[in-house]
Every structure is written in structure tokens, then in C-alpha cells.
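Residue numbers (numbering that gives the first Met the number 0), protein chains in the order written: chain A, 0 to 357; chain B, 0 to 505; chain C, 0 to 303.
Source of the hints: derived by calculation from the structure; they are not laboratory data. Among the clues, some could well be false.
Here are the simulated lysine to aspartate or glutamate pairs, DMTMM-like style, with alpha carbons at most 20 Å apart [stated by the list, open to error]:
| hint | chain 1 | residue 1 | chain 2 | residue 2 |
| --- | --- | --- | --- | --- |
| 1 | B | K365 | A | E229 |
| 2 | B | K313 | B | D383 |
| 3 | A | K348 | B | D59 |
| 4 | B | K107 | B | E125 |
| 5 | A | K225 | B | E446 |
A quick note: this is a predicted structure, and the numbers were derived from the prediction, not measured.
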Amino acid sequence: MAERNTSFNIILYNSVAVIIGLLISTGLLAFMKINPFDIVARTLSKIFADKYNIGEIFVKATPLIFTSLAFAFTYKANLFNIGAQGQFYAGSIAAVSLSLLLGGRVPRVLLILIVFITSALAGALVGGCIGIAKAKRNANEFLVSMMSTYIVNAVMDYLLRTALQETKAEYMQTDAIVPQSYLSIIIPGTRVHSGFIIAVLAAIAVWIILDKTILGFRIRAVGMNKHAAELGGINTKLIFVISFLIAGGLAGMAGVTEINGVQHMLLRNFNSSIGSFGIGIAILANANPIGCIFASILFGFLNVIGTTMGRLPGTAIPASLVELIEGIVMTCVIIATALRVYMGGKAEKQRMKEGGEA
Amino acid sequence: MERTPIVELRHISKYFAKVVANKDVSLKVFPGEVLALLGENGAGKSTIMKILYGLYKHDDGEILIHSKKADIRSPMDAKKSGIAMVQQHFSLVSTHTGTENIILGNTKGYIPISAYNSKIQKLANEYGFDVPVDVKIEKLAVGQQQKIEILKALYLNVNILILDEPTAVLTPQESETLMAFIKSYVKKGNSVIFITHKLKEVMEVASRVVVMRNGIVVGERQREELEEHDLAKLMIGEEIVAPVRDSSNRWEKLPTILEVDNISLHDSKNTPILTDISFNIHASEIYGIAGVSGNGQDELCDVLCGLKKPDRGKIYFKDKDITDSSILEHNLSGLGYVPLDRLRDAIIPGMTLSENMLLKNSFSGKWSNKGFIKKIELNNYTSDMIEKHRIKATGPADLSGGLSGGNQQKLVLGREVDIGTSLLIFNQPTRGLDMGAVDRIHHVMMEEKERGKAILLISTEITELFEMCDVISVMYRGKILGEYRNGELNTDNLGLLMAGIRPEGL
Amino acid sequence: MTNLLYRTILMSTPLLLGSVAEVFSERCGVMVCAIEGIFLIGAWGGFVGTYLTHNAFIGIMLAILCGTALSALYAFVTVTLGQQQVVTGTALNILAAGFCAFFQRVIFGVPTSPLVIDTLPILRIPILSNIPFIGTILFSQNIITYLAYLLIPLSYYVLFKTSLGLKIRSAGENPVAVDTAGINVTKLRFLTVLVAGSLGGLAGSFYTIGYVGMFTTNIIGGRGWIAFAICFLGNWTPYGVLFGTLAFGLADALSIYIQAVSTSSYFPREIVIALPYALTIILTVMRSNLRVPAVLGIPYKKDN
Chain A
0 MAERNTSFNI
10 ILYNSVAVII
20 GLLISTGLLA
30 FMKINPFDIV
40 ARTLSKIFAD
50 KYNIGEIFVK
60 ATPLIFTSLA
70 FAFTYKANLF
80 NIGAQGQFYA
90 GSIAAVSLSL
100 LLGGRVPRVL
110 LILIVFITSA
120 LAGALVGGCI
130 GIAKAKRNAN
140 EFLVSMMSTY
150 IVNAVMDYLL
160 RTALQETKAE
170 YMQTDAIVPQ
180 SYLSIIIPGT
190 RVHSGFIIAV
200 LAAIAVWIIL
210 DKTILGFRIR
220 AVGMNKHAAE
230 LGGINTKLIF
240 VISFLIAGGL
250 AGMAGVTEIN
260 GVQHMLLRNF
270 NSSIGSFGIG
280 IAILANANPI
290 GCIFASILFG
300 FLNVIGTTMG
310 RLPGTAIPAS
320 LVELIEGIVM
330 TCVIIATALR
340 VYMGGKAEKQ
350 RMKEGGEA
Chain B
0 MERTPIVELR
10 HISKYFAKVV
20 ANKDVSLKVF
30 PGEVLALLGE
40 NGAGKSTIMK
50 ILYGLYKHDD
60 GEILIHSKKA
70 DIRSPMDAKK
80 SGIAMVQQHF
90 SLVSTHTGTE
100 NIILGNTKGY
110 IPISAYNSKI
120 QKLANEYGFD
130 VPVDVKIEKL
140 AVGQQQKIEI
150 LKALYLNVNI
160 LILDEPTAVL
170 TPQESETLMA
180 FIKSYVKKGN
190 SVIFITHKLK
200 EVMEVASRVV
210 VMRNGIVVGE
220 RQREELEEHD
230 LAKLMIGEEI
240 VAPVRDSSNR
250 WEKLPTILEV
260 DNISLHDSKN
270 TPILTDISFN
280 IHASEIYGIA
290 GVSGNGQDEL
300 CDVLCGLKKP
310 DRGKIYFKDK
320 DITDSSILEH
330 NLSGLGYVPL
340 DRLRDAIIPG
350 MTLSENMLLK
360 NSFSGKWSNK
370 GFIKKIELNN
380 YTSDMIEKHR
390 IKATGPADLS
400 GGLSGGNQQK
410 LVLGREVDIG
420 TSLLIFNQPT
430 RGLDMGAVDR
440 IHHVMMEEKE
450 RGKAILLIST
460 EITELFEMCD
470 VISVMYRGKI
480 LGEYRNGELN
490 TDNLGLLMAG
500 IRPEGL
Chain C
0 MTNLLYRTIL
10 MSTPLLLGSV
20 AEVFSERCGV
30 MVCAIEGIFL
40 IGAWGGFVGT
50 YLTHNAFIGI
60 MLAILCGTAL
70 SALYAFVTVT
80 LGQQQVVTGT
90 ALNILAAGFC
100 AFFQRVIFGV
110 PTSPLVIDTL
120 PILRIPILSN
130 IPFIGTILFS
140 QNIITYLAYL
150 LIPLSYYVLF
160 KTSLGLKIRS
170 AGENPVAVDT
180 AGINVTKLRF
190 LTVLVAGSLG
200 GLAGSFYTIG
210 YVGMFTTNII
220 GGRGWIAFAI
230 CFLGNWTPYG
240 VLFGTLAFGL
250 ADALSIYIQA
260 VSTSSYFPRE
270 IVIALPYALT
280 IILTVMRSNL
290 RVPAVLGIPY
300 KKDN
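Excised from the complex, chain A in its bound form:
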């Protein structure tokens, strides 16, 4: 009973926080000397007038589900994986390399399967290194994961300039992969691809692991009280490594959905903020894997709003507005969390005052 009450409260407080965040952001549009409500109305009507635009919400949400899971998973073990961006890049490099190499030469289903596994492994490799640094040397995983992103980014830049560079050798990007390596479109007339379904399945799988299995129990136990978990016979260091391996694997898979599902090539600064958005989404979802699906769709929606606004004729709204909105929304959600806990404590205290008995 108490628990259901809590999840209801989380949804309530976070929803209100999101709405307040959106209102603040909308208000900021006034700085551009335009009527915010007019702009929002125009943007929304433009989005909902077109099936393609609605589809974009889910296209944008797909990699965010993966990166938010990558943060949420380690968060359950009380670890901070700030490096989902790097793990995503590792997955992207693996995905584009294999698709270029095998595209058209092996059957599509087999190729996609291989690409998924390899990309997950590539992401897990990066994540695993962070986990090992934490387990073996008690390094600050937050710092190491943050730095790892910059290193993977440098590796990617190098490859884009050399081995993987397009045949024309003009820009720092790869050749396009062949259509036989694309993820299939599941809603005609949009860019929504099968990666979205895989992302949702991944979230459900993560939920099952965390909530229903002994491994998930051990991960949560380590996250909530490392000392007690250790005395319970749990190898906390192994849990650190496993958590980071799985988180890295999840972020790596986002590489497939973006390369084989959307962009069909790898380029410089590819989707450069999905890692940090993932963190915000995970927090909005209170690190609940199922919540991550919905929060990702919300952020996908904000993303589409941002890009659509940026393209509205007669305004000069920067597409980076979406970052501003998401930053504000995240801040509001964090403040709402504090408020929810405070109000909860106050309500209990009030009950004590009236009832007087525990």
C-alpha cells in the first residue's frame, strides 16, 4: 500500500515538475520577441499534422531508452555511469564497421543480429573497463566514465579521418551503409524502425533482471548498502563490473539503432548529447526501467518540438533550445524530488502529532 502510494506520488510530482519546466521554457521564448504561445501552438499543430513528425518522436526516443537504461542500471548499484555517450560511440563504431563490411554479403536478419551483439560487446568493453577500474583500484567511476567518453570520441575522430573515412575523403564521416543492413521501418511513412521495439524489450528485460532475479537483487543490495551486501556473501566488486558491463552493452546497442536505423552512416559529433539526456531521463523515471520508456518518449517529443520550432519560418529559434528546455525540466524534476520527500516526511509527522501512537 505504502509503496503504491510512493510510485503514485513520484508520477504526480514529476509530471507537475515537467509541466512547470515546460512553462518556464516557453516563457523564455518571449526573449526572442515572439509570442511564446503562438509559437508553441504553431509547432504543435505542425507536428501533429504529419504522421512523419509524430513518428520522429519515437525515432528520437529509441536511443534515449538505451542510454537512460545505461545510467539507471548502474544507478541501482549506486554507481554513476556518466559515460553512456562513449559507450554509445563504441557501439556506433562497431555497428558502422560491420555494416560496411558485411552489408549485402550476409542475410539481413543475421547481419542485424551480429551487429547488435558486437555493438553491445563494444559498449560493454568500454563499460567493463570502468567497472574494473572501480572494482580493482576503487577509482572514482564517475570521473573515469566521464573521461572515457572523451577518449572514445578521440578514437572515433581518428577512425573517421583514416580507416573509416568516406571514399570521397572530403568530410570526417563514413560511407553510407547499404540498405540491406538497415533496420526495417515498422510504420510506413515514418522513420520509426524496429529498433524502437528492441529498445522497449530491452527496458522490460532490465526490469525483469532488476526486480525478479537474484542477480538484480544482489545489484540492488550492493547499491543500497554495500557493507551489508558484502556480509551477505555478495562479491561487491564483481557486481560493480557486471553492472558496468550490462550498462555499457545497453548504451552500445543505441549505436545500432542510430546507425542502422536512422543515420545509415557515422559522422563526427554523432548524436553528441544522448548520453547526458539519458541521465536526465533516468532521473525523471526515478531509475525505473519501464519509466525510462515513457520518459524517453517525452524527451523525444521535446526534441521534435525543438527541431520543429527551429525550422519555423520567420523565427530564428536555435535548435539548441531543446537543451535549454531539457535542462530546465531536469532541474525542476530534481527539485520536485526533494519537495516530494520533504512533504512525505511532513505528512507522516502530522499523522504522528494527531495519532500520537506509532
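Starting from the known structure of chain A, fit chains B and C onto it as the hints suggest.
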């Protein structure tokens, strides 16, 4: 003539999110007296004093100082009104020196450290406190740390000193020195509020006693009307029958379960923590280790449960060498352990009661099937446990963090008794618990002894040890100072041993 | 060689300011995880102030103001409300990135040519700057660099020799003791974070006013995090971070140098770019026995 109180609390109430800490508490403190605040753990004594000291905000009522209404919002306000408090858990920065701790918040700008050192050392000497003030707190013994805490108050020239369970960390001999200090301090016209749950101390120093129970004041006695039985009844509310010890010594003929053979342990700075510890525990034996906190008991537990490996020596459990076994192997081999700090080491407050029961069984396969948790079976087991140990909870899905300390301890007890099929290790299992929970724990220990389990009881409470143990040994600075049958020792001897002194004739 | 060392000192300036900011706040128990955003908003504030007024001093002041404002928000959420520092930092870093990009557009629209400001003039210290070699490296820098280096002994003095420093260090070791001593822990931490924010803002402004003369949204590129890392590696002491900073400043200067001279496309010049980050990881992994402030990152909550 009616004396004027220096401090008066009127109808103070304080509510926490989970408990009512104080309800309508009124009391007065007069100059030149030692007011003992007597009550069990959790009776609300510390809370009411933390309110007076400005650490907590009271929800109702008022505080009067020198008959004027005072608004004490922070310890700073309290100090300005001449009130200081030495808390049970010292509030000292362990990486700083005594001087730095004493002047914290009492200086401005540049700190001429050597001038302060000599000034404060002089103050310490004036009161006969034998403690170096320019040494880091972490290098001082607990008794010395307490002196630094008291110096913090003396440095500020306060006239009301609140001491919260000050003897808990002291040897009986150190306690006597403290009592002497208190007596001389109040002679100068100062007042001391002495929080305790020990009747003996009340009888020794108190000029007046206020007894608290469940957050309310249940009685007040003057010095001349003090009577131990009367106070005990006031404090506890109901008679509790201590379990009867089976003194037949039948364990002597039973096999040895745990054999600790000459183990030693050093810390990272190569200071010895444990030196040549040896003892045996038989089936159906309760082996007690007495000693003041911080003499290596916790580290001994760490070694016995597999958390730390000894530098030298061997540990045999049921004739098997377990010195290098992992914690997991210890758990699976039938060793149960109730650690000192349950919130840190034994339970996960954010998890449900069932999950806490699973915590030590996640490898035994008892409640898992192909890696999945058998939730229904686990919940049923937990419900049984709640009933069996009379844990106050609505069901297995409650969060363990929502239980009171006593109920949390009963939860741990139930789990460990099931895991520890041959040996149970208890490290101060009753510390900070109410009488009901203490009684439950003592009864369970006796039952398990009857069932043939070997039990190790580490305690600082002399009464508890005499009540429960077949054999008592004393730990002092990481060494065992002799091993005695229950009956060979009296309180005075045990007290001396705890202070590291071997009494004559023993 | 002279040029390289000169650049080392130059490039280490913002890292020094940023890591000293972290030393103060982390000694007090608060990791300023919004440091990347504070750097960025400082860079932006410095640029806007200087561009609009043609006065670098006003630019610097605006940078400090921006940094302080963002750190105030950070302190409110993490210190006053006691929320997760890492998470809050991430949110505010995104917020800062969006804020700067958005208001850059609000103020300047879509410019046809890049907006440029004059960088800070070099202040030659009389006599000292004439010393060969050393004079060029140490005494022909700009005002922010001098300030940053003066800050090191000053911080040491404040942290270890004064009452304020004692309070700050105690708050990071045992806030209960500080509270019991009658000092408001929340207020102390809040103010310390504000100071850190103002230093971080100044550090950020160095990139626009002191060095590049332009503003782009990726101008900081993780250097805030490096300042954060240096604080760890310098063992939370002002002189410790000085050494760390010089190492990173050298790597930074080297990378710019190599990028300028390398012509062969297969030469992995990215190694040099990645060097500071790799160095951070290596040092973090190697120095595992750091003296971390006991309650670093843990909010202080009174159970009231």
C-alpha cells in the same frame, strides 16, 4: 524559600516522521545541582536535551532561561545562554587536533595555533585532564576524546553542562574520575544534566532525578528519596523476568565448535589491533568477551566472519580450517553473525523485510529457481518470522527502514539464527534497544544454547555478561586478559580487567 | 620551447582556477559537478560583457556573476535541498549549454561573420619580464593568469591558517561537529559553493577573453571536468593542484602545438587531444589511496 531555576522547559513536544520523541515534557534545572535524566534507551532523554542545546527544533512548548523566554535555534544560541552538551557520539573532527576542535567556531581570522595550544593545555591541566591537546583526535583513546569534548564546554565558560551517557565508553575506573570532576564542577555553582540509563550512577551523583519513559516524564525524586527499586520500576514500567541460566556446565563434555588459535591482526599503519587471541567455544556454550568499546572486539568479529584475514594464526570451525575462507563460505557453513552496527552491516533499510531475509541467502538456493526469486515462498517465510519473533510490522513487504531499532534487531536475529546452525556471533546485540527487545534477544540466545549451538557474546554491559555467559574473558588493547568461569569474577574484578589491570589473586 | 612553456602557464590558468574552486568546495563536502557548465557560462558571460562594452573588466565581472549565479542554483539544489550532486551537475551542465546557445542567439541573432573580441593584453611585469627565458614564460602573461597563481598561496593560507579554513575543512570531515559548534553547515557550504562558482566563472572567461577571443558552445570541451579531476589528483590541497595543473597545461599546450605542425593524416594527433583525459584516468586508477574528505558528496541533513 523557592529557588529560581536557571533553566526551565515547559510543555515541550517533539515529533519525528516515525516516532513521537517527546510529549509535554516539563522540567527545571537549578544552579549547583546534578540533575539526572534517567530512562531506558529511546525514552526521549537525548532528544529533549538536544532541543535545549538547539540541535532540534521543538514543535510545541517553550524554554525559559533565568525565567526569561529564550529562543534557542542553534547550539550557538545555547552557548550564549551558557549551555553546552557532550553528546553520546562525540562530535569531533577526527583528523584535526584537540585544539582545532575546541576553537572551531570560536575564533576569527588568523589562527595563532601555538598560542591556542598552550592556552588550552593550561585549561586541561587546571581541571586535571591528562590529555595532549595538539594531537589528532584519531590518535587519542576514547576516554581522552571525551575529555576534549568536555574541554570544549569548559573553554566556553558555560554554567550548564549536559552529558549524554558519558560513561558508556569508559572503564569503571575512568567513570569514577568523571564523577569526581562532576562533583567539583557543580560545587562552583555550575549545573550538570546527566543523561543515563544506569541506576548506579544516578545513586552516586544525582542531586535530583527526573525519570522518562516513552517520551514523557513519569516521575521526579529528590536526592533524599532515591531508592533503586522505585526508580527501576518507574523507568521500566513493568517487571521483566531475566531468563534463567543453565549452570549445569554440560557444554564441557560437548565438542568444540569454534577454535581460535593465536590470531593477530595489524592495521595499515602496522599498529597491532589483535595480538595472539586464542579461545575455544563448545556446543551449548555461551562465551562472553567483556571490554570497553574499541579494544579490538569489532575487528575480532571482522576476522571471525571472514571480512578480514588475520596476519597470523588459524581459525577452525567444526574442525575445518576457515582462516582463508570467504564471507560466503562462512555464511554457507552455518555461522550466524549479529553485528554491532545493524544499519550499516546487517540490514538494508531501503529494502523490504523479505528482501532483507534473502540478503544472506542469495547463494544458498533456498529461495531461488534458475536465477529467479521465489517470491511467494520467501514472503511466507518472512511472515512466519514476523510472527515468531513478534516483529511489529504489517507484512513482509514493509520496508525494514520503517521499523524501530528493536524490531530491526529481531529481524536480524531471526535471520542469523536460521543461518547460524552451529555458531552465533553477537557483537553488543542489545546496545540501544528497549527492554522488550533486549529480553527477546536474551531468551533466543538461551534457546539456541539449549539447541546445542555455540554462542559468542561480545558485550560492554557487565550485567548482561553475568546473566548470560558460561565463560567470560576480557579484551583489552587487542589482547585477551584471562578467561574465567562465570562466578569466578565479581563486578569490581571485571571492571579492573576492563581497564587493563589484573586484580590480585586472579 | 619557450613558447611551449609560455603556453603551458597560459593554458593552465583556467584549470588552476577551476581546481582551486573544487578544492574549496570539496574540502567543505560538496563536489561542484556543475563545473563544466560554470566554465561555459563564465566563458559566455565574459564574451558577451566584453563584446557589448568593449571593456574586458566588465566582461570578467559578468563572467564571475554568471558563474556565481549558476553555482547558486547548484548550491540550492544540492546543499539546501540535499539532492544528488552528480545528477544535479549533469542537469545544470545541460541547462548551461542550452542557456548559452539560446541567449547567444537572442542577443546576437544569426551573425553573418564570426563575432570577435580582443583578448586580454599581456601585462609585462617591469624588470622581471626582462629576465631571459623565465621572463617570457612567467612574467609576460595576462592579468587572469597572475591572479590564478597568486590564488594558490592565498588559498593555502585561508584553508590552513584561518578560522574560516578550519570551519570549511571541518564541514567536509564531520559536519555534525560543525553544527554542534554552532556553525550553520548549510550556510557555510552554500557560501563556499558560491565562491567556487565565482572562481569557475572567472576560469571560464579566460577561454573567451584571455585566449580564443570568440565564443562557441563547445569551447570548454570537458576542461571543467579536468579541473574537477585535478582537485582529486592534487589531494585536495592548493599546492597539489598546482602540480596537477601544470601537467595538464603542458598536455593542452602540446596538443595545440602538435595539431599545428602535424601534416601526415595518419599520425594520430587525436592521441594528444585524448592525453589529458587518459592521464586523468591513469592517475585516478594509480592513486587509489587519496585522502578524500570524509563526507565528500554526502548532503548534510538534520533530522528535524
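Verification of the supplied hints:
{"no.": "1", "hint": "B:K365 <-> A:E229", "result": "19 Å, holds"}
{"no.": "2", "hint": "B:K313 <-> B:D383", "result": "38 Å, violated"}
{"no.": "3", "hint": "A:K348 <-> B:D59", "result": "13 Å, holds"}
{"no.": "4", "hint": "B:K107 <-> B:E125", "result": "25 Å, violated"}
{"no.": "5", "hint": "A:K225 <-> B:E446", "result": "32 Å, violated"}
The structure fails to meet hints 2, 4, 5 from the earlier list, while all remaining hints are met.
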